[in-house]
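Trainee: The chain contents come next:
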Amino acid sequence: MIPEITELSLPALICGIVALYSCIRIVLEKNTLRKLPFLNVLTFSVTGIIVLICPTPLGTAAACAYFIGSTLESNAIASTWAKRAEKDKKDAADGTEAGIADGEAAQ
Amino acid sequence: MLTEITQIIIAFAVSFIIYATIDVLAGLPREGGVCGARAIGEAVEESGGDLHGGYMLGNIVCSPDASAGTLLAACGVYLFGLTGGLIAAVFVYIGNRICSDKGYAGTAGAIVATFVIWGLANAGIIAPQSFIAGMVLAILVIQGISHKYASILLGKLWRLRA
Chain R
1 MIPEITELSL
11 PALICGIVAL
21 YSCIRIVLEK
31 NTLRKLPFLN
41 VLTFSVTGII
51 VLICPTPLGT
61 AAACAYFIGS
71 TLESNAIAST
81 WAKRAEKDKK
91 DAADGTEAGI
101 ADGEAAQ
Chain G
1 MLTEITQIII
11 AFAVSFIIYA
21 TIDVLAGLPR
31 EGGVCGARAI
41 GEAVEESGGD
51 LHGGYMLGNI
61 VCSPDASAGT
71 LLAACGVYLF
81 GLTGGLIAAV
91 FVYIGNRICS
101 DKGYAGTAGA
111 IVATFVIWGL
121 ANAGIIAPQS
131 FIAGMVLAIL
141 VIQGISHKYA
151 SILLGKLWRL
161 RA
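Each protein sequence line maps, in turn, to chains R and G. Heads up, the first sequence is in our numbering, so the first residue is 1 and it goes up one at a time. Heads up, the second sequence is in our numbering, so the first residue is 1 and it goes up one at a time.
Calculated directly from the structure, the hints in this document are not laboratory data. Idealized CB from N, CA, C, for every residue including glycine. Treat the hints with caution; some may be incorrect.
[Stated by the list, open to error] Derived pair list, reagent style BS3-like, types lysine-lysine, alpha-carbon separation capped at 25 Å:
1) R:Lys89 x R:Lys35
2) R:Lys30 x G:Lys148
3) R:Lys83 x G:Lys102
4) R:Lys35 x R:Lys83
5) G:Lys148 x R:Lys83
6) G:Lys148 x R:Lys35
7) R:Lys35 x G:Lys156
[Said to hold, decoys possible] A few chain G residues facing chain R, derived, Cβ under 7 Å:
8) Leu57
9) Cys62
10) Leu72
11) Leu79
12) Gly81
13) Tyr93
14) Ala121
15) Gln129
16) Val141
17) Gln143
18) Tyr149
Work out the full structure, taking the sequences as your base and the hints as a guide.
Mentor: Encoded structure:
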């Protein structure tokens, strides 16, 4: 059975609109690293919605766990992406140097 | 009590001042705490923003800082008053340690925000749930509208402090 929404509080409505807006921005942003701040805004609003909809001790614990967990995920994504980009750059530099060396050897 | 919209607008201003001040004082814009935060700072600089402002955006994403502290303190005070806010500060500290951060900015932000929110709620000026909406709007202004201008603003604040 779906519970009826009798009263929509203004703070929950604001959090909902902000969450929707940040989702749209995440989809529209091309650069993966620049998506992450928008994802952070989404996390903030969802944490707010969890507490406002479920104002119980378990609700707060869930909100804190969700917030900390998603921050950790963002941290992991950003670190992995940064390390991969560094490795790609290094490989590309090595490849170019190797290419030049091969070219010189051939001459 | 003021009307709900007025409360949310004042809560937005108060939470923005709390977290911007504590983050800048704690030196978040100085450098990226982890390599992910540095990469985000550099990506924001590439898009025409300020490097130090970008580092602060990266640090906010990669570890719970004073903004997270303010939000979780508002949630804690909304449910359990002063004790709830202090429990939220412990959660923020644990989150900081998980994300390999020292945790000064987040914990200090949560404790300061707890006392401010509790004081304003007890004085009957702003309800704690307005602070939840206010903090969401405050983080939207910094992280969710334009990274370029937000990082330039944060860079200016950092140079004022440095």
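Trainee: Honestly, which of those hints from before does the structure not fit?
Mentor: Those not satisfied are hints 12, 13, 14, 16 and 18.
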